[in-house]
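*Asks:* So the protein sequences, as listed, match chains A and B.
Once you know that position 240 of the first sequence is 240 in our numbering, the rest is easy, because the numbers rise by one and skip nothing.
Once you know that position 69 of the second sequence is 69 in our numbering, the rest is easy, because the numbers rise by one and skip nothing.
Incorrect hints may appear among the rest.
Far from chain B by the CB rule (all over 10 Å, computed), these chain A residues [to be verified]:
id : residue
1  : R5
2  : E25
3  : V46
4  : R51
5  : G58
6  : H74
7  : V88
8  : N89
9  : A128
10 : R201
11 : H208
12 : E211
13 : S266
14 : R274
15 : F276
Only some residues are given here: those of chain A computed to face chain B with a beta carbon under 7 Å [said to hold, decoys possible]:
id : residue
16 : E158
17 : D160
18 : V166
19 : Y169
20 : E170
21 : V173
22 : F238
23 : D239
24 : D240
25 : V241
Now the in silico label distances, taken between C-beta atoms and shown as ranges [unchecked claim]:
id : chain 1 : residue 1 : chain 2 : residue 2 : range
26 : A       : R143      : B       : A23       : 42 to 50 Å
27 : B       : L124      : A       : R99       : 53 to 61 Å
28 : A       : I180      : B       : S204      : 40 to 48 Å
29 : A       : S148      : B       : S91       : 27 to 35 Å
30 : A       : R151      : B       : G18       : 24 to 32 Å
31 : A       : V173      : B       : D235      : 32 to 40 Å
Derived from the structure by calculation, the hints contain no laboratory data.
Since we're looking at a predicted model, the values are computed, not measured.
Quick reminder that beta carbons are idealized off the backbone N, C-alpha and C, glycines included.
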Amino acid sequence: MASIREFLTLPRDRQRRYNFAYLDEHSKREVRRRLLKAVAIPGHQVPFASRELPIARGWGTGGLQITLALIGPHDVLKVIDQGADDSVNAVNLRQLIVRTTGVRTTTDTRHATVVQTRHRIPEEPMTADQVLVLQVPEPEPLRHVEPSTVRARRMHAEGDYSAMWVRLYEDVVRWGEVTISSQYPVRVHRRYVMDPTPIPRWDVPRLHRAEVLYLFGAGREKRLYAVPPFTEVEPLAFDDVPFRVEEFGGARCRRCGSEASFLNASFDPVTGARTFVCSDTDYCTRRMAALRFEETAR
Amino acid sequence: MTAGAPLLRVDGLTKIYGSCCPACVALTGPDVGTNVCPRCRSVVACADVSLVVDAGEIFGIVGESGSGKTTVLRCLYGDERPTSGCARLASLEDGRANVFEAPPRRRHEIRTRLLGMVYQHPSLGLRMDLSSGANIAERLLMVGQRHFGRIRARAQGLLERTEVPVSRMDESPRRFSGGMQQRVQIAKALANDPPILLLDEVTSSLDASVQARVLDLIRELQRRLGVAMIVVSHDLGVIRLLASRTAVMKDGRIVEVGLTDQILEDPQHEYTQLLVGAQV
Chain A
1 MASIREFLTL PRDRQRRYNF AYLDEHSKRE VRRRLLKAVA IPGHQVPFAS
51 RELPIARGWG TGGLQITLAL IGPHDVLKVI DQGADDSVNA VNLRQLIVRT
101 TGVRTTTDTR HATVVQTRHR IPEEPMTADQ VLVLQVPEPE PLRHVEPSTV
151 RARRMHAEGD YSAMWVRLYE DVVRWGEVTI SSQYPVRVHR RYVMDPTPIP
201 RWDVPRLHRA EVLYLFGAGR EKRLYAVPPF TEVEPLAFDD VPFRVEEFGG
251 ARCRRCGSEA SFLNASFDPV TGARTFVCSD TDYCTRRMAA LRFEETAR
Chain B
1 MTAGAPLLRV DGLTKIYGSC CPACVALTGP DVGTNVCPRC RSVVACADVS
51 LVVDAGEIFG IVGESGSGKT TVLRCLYGDE RPTSGCARLA SLEDGRANVF
101 EAPPRRRHEI RTRLLGMVYQ HPSLGLRMDL SSGANIAERL LMVGQRHFGR
151 IRARAQGLLE RTEVPVSRMD ESPRRFSGGM QQRVQIAKAL ANDPPILLLD
201 EVTSSLDASV QARVLDLIRE LQRRLGVAMI VVSHDLGVIR LLASRTAVMK
251 DGRIVEVGLT DQILEDPQHE YTQLLVGAQV
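If we strip away everything but chain A, and leave its shape as in the complex, we get (with noise of 0.2 Å):
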């Protein structure tokens, strides 16, 4: 199958031809098994057989390839990308697996069992009967400050995250703070230490000992991780130089006037003025109708 767009155009019936969750079942086991190892060892990366799907490796091939691997007739999905269910990303990928499951979609993070993602992490917080999947585009947090993936892997091993702190170390040496604004390492279970993948700050606290399972894949590079529920993450950061997060200067979402959520700035084409909006819609969504209600109450 060439592409999504060609395996999305087929009459249904041929669609239909395929096996459940378009992968076969030994590939979907094997992911499982993978997956498994994953959860027993939390932040380390674990290769596995990455497979060929309708979509470029590198746009969600990772993620997809798990939630394919788990999802079962009476699944609940949702899929976004930076906190939309409307991008284009999110839609294909949601078609694709909705066209060889059957399974029901949603928005609403609430109602969600598997959550697909790109880049964010809900606002409303995961609970412990839902899987929250993300796609990786870059697995290994070393590559920036280690081009060998051999020597990356024996850092890793042996603990020795020396050269990742240095760059914590030049960075507030010259900045004043440290200036990684998204893919910020985080140690997990105070072993290994990973790339949560390009979520904002804002996202990685949400991580920390949180009741939903994470897992990870990336398809390209074909590596698989997880945070298991309850798991200690800790972003790194030095004792008189704490982590922060996003701030957004008191500003407010322009359709729901929420302060306490992740904010994407955009700029009226005439006036050039900035407003900010919410990034997850869902979030943004349901606030707007909860707010109507209380007016039309009144």
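Let chain A serve as the given structure and place chain B on it in line with the hints.
*Replies:* Same frame as chain A, now just chain B:
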């Protein structure tokens, strides 16, 4: 630690590069005049090297190029894996554990906490893409220091002690002179107060006046900090100035070991006599 036990004890250290045959060690050495095995063409870089370093002592290793001096240091520091042999550090499990057989994570710890290495070329010991301060900070971060202010203060203190202008601590050592680079390297090696410092031809690439200042610095550090050192050099002058005891190496073997004065004034082995005689 039992009183009087040596700080470092090396027994039968052997490093052979190549396919290695049972006759390698027997068919090479100073008596044969080569370190290449005639049967299998393996290079016996060093064989059966045994030495003892006591607390606060400077131990010298002297010998011509290719005699295996640097290999000994590299094996001790963990840059090379020795073919056989045993090294015990008093500060490691009371001198019972063999450093060469330590598991990788342990080995890394030995490297960062118990040893310091100063290479002949600063580019081997320093990361030139980082600032000098970061180079020192790296060692401190390796042992788990996480307080930025204290790390910086420590790096400053070390640079002051090694006479590098603190105002330039955030510059890359690439922009420094050779002598200054070597001083940054010494500061880095000293970062975690290791009981033993390994110095590999530290002054060989420096000009005479800078050489003298770096040697002064080493002596000063030894006096003030009481750190033990193994100093490798082909220069008898350096050895005479620094080392209290010295081993002479030739074709991968130690041919003579003793008090430095004794070796220089009354050399016993033929090769040592040649070496001392060649010095004007």
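*Asks:* Okay, which hints does this one fail, numbers in order?
*Replies:* Failing hints: none at all.
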